[in-house]
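As numbered in this note's numbering, residues 1 to 254 make up the sequence shown, in order.
Just so you know, these hints were derived from the structure itself, not from any lab. We put the beta carbon where it would ideally sit given N, CA and C, even for glycine. Accuracy of the hints is not assured; some may be wrong.
To be verified - Derived CB-CB ranges, DEER-like:
(1) D23 - E76: 17 to 25 Å
(2) P133 - A87: 19 to 27 Å
(3) D180 - D23: 33 to 41 Å
(4) E76 - F5: 28 to 36 Å
(5) K240 - A75: 26 to 34 Å
(6) E136 - R38: 44 to 52 Å
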Amino acid sequence: MKSSFRQTEILDIARRDGKVTVDGLAGHFDVTVQTIRRDLSELDEAGHLARVHGGAVLASGTTNVAYGERRAHLAEEKAAMARACAAQIPNDCSVFLNIGTSTEAVAAELLDHKNLLVITNNMNVAHILERNPDCEVIVTGGSLRRGDGGLIGAMTVDAIRRFKFDFAVMGCSALDADGDVLDYDIQEVGVSQAIITQARAPLLVADHSKFQRSAPGRICSLADMHTVVTDQPLPPRLRKSCADWGTEVVVAGP
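Input sequences plus hints: build the corresponding full structure.
This is the structure we're talking about:
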């Protein structure tokens with residue numbers, strides 16, 4: 001079977017079941033798992049599916065992928081981006097770490113930093129950084145989103161506005177061709193906007209899969225970011241826009 005026909009049927013199965021697995025598809029089509037992984041990667045690049053550990057799920061414009069799947073998605077790329085982002089953050093500073101699996105990866109890279117003040121609305125970040133004795137951690141409070149340990153709502157926004165921090169590390173759900181930073185959760189959008197307002201240098205960490213996705217809530221423009229850390233070069237139009245805006249782009253190697 002040609003790959004185009006196989007990929008069409010893979011999409012049909014994903015629409016029917018909501019998710020596909022590499023092993024299941026290899027058995028269904030009687031091909032190697034390497035062939036299926038290549039199909040899923042191509043469908044992911046085209047924005048039709050979102051790769052997760054062991055398979056893929058339908059890409060969505062209104063609903064985010066489950067937290068556990070997002071954590072496993074592009075794990076090596078996130079680790080490389082986290083290292084590059086942490087290199088932008090010096091010792092002896094204050095930093096806000098927002099909700100998201102990419103920001104959690106950055107937290108893990110800050111375990112050896114000295115004299116940090118970290119403010120966060122991410123319970124997972126707080127648990128990671130409790131292992132760093134040279135890091136003071138302040139948790140904002142707010143309504144707990146049990147799916148990913150995020151804190152959101154008016155109480156969170158009020159707490160954020162009490163601070164002015166040197167850096168903020170942000171994630172996002174999608175990044176469109178106009179350079180708009182997008183999210184699925186409207187409450188989280190308000191929290192993210194407050195963080196950007198209170199940060200001297202906002203840093204966005206976004207892998208290449210965000211370039212093909214869409215989400216309904218607009219956080220800001222990349223023009224509002226000090227630096228964007230990603231794992232692949234931005235599309236040419238977006239790269240030019242960042243240059244015009246003075247937004248630094250860091251492409252993290254593997």
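Results for each hint:
1. D23 - E76: 17 to 25 Å: 21 Å, holds
2. P133 - A87: 19 to 27 Å: 21 Å, holds
3. D180 - D23: 33 to 41 Å: 38 Å, holds
4. E76 - F5: 28 to 36 Å: Check passed, 31 Å falls within 28 to 36 Å.
5. K240 - A75: 26 to 34 Å: 30 Å, holds
6. E136 - R38: 44 to 52 Å: 47 Å, holds
Hint check: no violations occur; every hint is consistent with the structure.
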